[in-house]
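*Asks:* Each chain, letter by letter, is given below.
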Amino acid sequence: SQTIHQWPATLVQPVGSPLSLECTVEGTSNPNLYWYRQAAGRGLQLLFYSVGIGQISSEVPQNLSASRPQDRQFILSSKKLLLSDSGFYLCAWHTGANYGYTFGSGTRLTVV
Amino acid sequence: AQSVTQLGSHVSVSEGALVLLRCNYSSSVPPYLFWYVQYPNQGLQLLLKYTTGATLVKGINGFEAEFKKSETSFHLTKPSAHMSDAAEYFCAVRSNTGNLIFGKGTKLSVKP
Numbered sequence: 001s002q003t004i005h006q007w008p009a010t011l012v013q014p015v016g017s018p019l020s021l022e023c024t025v026e027g028t029s030n031p032n033l034y035w036y037r038q039a040a041g042r043g044l045q046l047l048f049y050s051v052g053i054g055q056i057s058s059e060v061p062q063n064l065s066a067s068r069p070q071d072r073q074f075i076l077s078s079k080k081l082l083l084s085d086s087g088f089y090l091c092a093w094h095t096g097a098n099y100g101y102t103f104g105s106g107t108r109l110t111v112v
Numbered sequence: 001a002q003s004v005t006q007l008g009s010h011v012s013v014s015e016g017a018l019v020l021l022r023c024n025y026s027s028s029v030p031p032y033l034f035w036y037v038q039y040p041n042q043g044l045q046l047l048l049k050y051t052t053g054a055t056l057v058k059g060i061n062g063f064e065a066e067f068k069k070s071e072t073s074f075h076l077t078k079p080s081a082h083m084s085d086a087a088e089y090f091c092a093v094r095s096n097t098g099n100l101i102f103g104k105g106t107k108l109s110v111k112p
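From first to last, the protein sequence lines stand for chains A and B.
Per my numbering, residue 1 is the first one in the first sequence, and the count goes up by one each step.
Per my numbering, residue 1 is the first one in the second sequence, and the count goes up by one each step.
Because the hints were derived from the structure by calculation, they are not lab data.
In this text the structure is predicted, and so the values were computed from the model without any measurement.
No residue lacks a Cβ here, since even glycine has one placed at the ideal position from N, Cα and C.
Keep in mind that a hint or two might mislead.
[Unchecked claim] On the chain A side, residues computed to face chain B include the following (Cβ under 10 Å): (1) Q2; (2) I4; (3) C91.
[As the list claims (entries may be wrong)] Chain B is nowhere near these chain A residues, computed Cβ spacing over 10 Å in every case: (4) V12; (5) S17; (6) S65; (7) S67; (8) R68; (9) T110.
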């Protein structure tokens, strides 16, 4: 079956520290992968998406970066976190076959 | 270009009452439309989708939505609200690239 794993579930990090959030997908190949952020009252903000290994599209200029080192692995990173990076981060995937997205369970990031 | 507008960021209903969450879309091509539900601190879960065929779509948890091309709408309904329906609901339309474009979400509260 097709599943998506996202970790950690919660994270508290000091300002200026690095960040690495990982997302992996099982049971599918060559998925489109997405990183979204939800900040309070701001809905879903698309941060990055990837259509293949090493292919990253950035939707919003920011303090974050993304990488796709393997077909089913998508990583969200930052070298130095800002307070404004706090939020709920969601990974999602879709292949053309199902038309919709499947979301991970999310990571609650609090920058202090 | 595609876009989605969800009317009402907050909707409150009494338990047992009709749930109606509004979604209007804009699309230059035949739309694929989706409704997702998000419970607190969880990822988004697909409720239902419309791609082609029957315009009345039934989803999980007793929800349904009707695609009305003339009104460019895809409103979500449920005849009788349960306390467990309290969550945030997102409408989405598929873009030309295959990515989903989400509305800003509607928080549903259910009063006992």
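*Asks:* Look at each hint and say if it fits the structure.
*Replies:* Cross-check of the supplied hints:
Of the supplied interface hints, the one on A/Q2 is violated, with its beta-carbon coming no nearer than about 13 Å to a beta-carbon of chain B, more than 10 Å. Hint on A/I4 holds. Least Cβ distance to chain B is approximately 8 Å, under the 10 Å limit. Interface restraint check for A/C91: the shortest CB-CB distance to chain B comes to about 8 Å, inside 10 Å, so the restraint holds. Distance to chain B confirms A/V12 as a non-interface residue, since its nearest Cβ pair spans about 14 Å, more than 10 Å.
Every CB of chain B lies more than 10 Å from the CB of A/S17, the least distance being 22 Å, so the non-interface label holds. At roughly 19 Å, the least C-beta separation between A/S65 and chain B is larger than 10 Å, which holds for a residue marked as non-interface. Chain B leaves A/S67 outside its interface by the beta-carbon criterion, the shortest separation being 19 Å against a cut-off of 10 Å. The claim that A/R68 is not at the interface with chain B holds, since no C-beta of that chain comes within 10 Å of its own (minimum 16 Å).
At the 10 Å boundary, the C-beta of A/T110 stays outside the reach of chain B, the nearest C-beta of that chain being 12 Å off.
In summary, the one numbered hint that this structure violates is 1.
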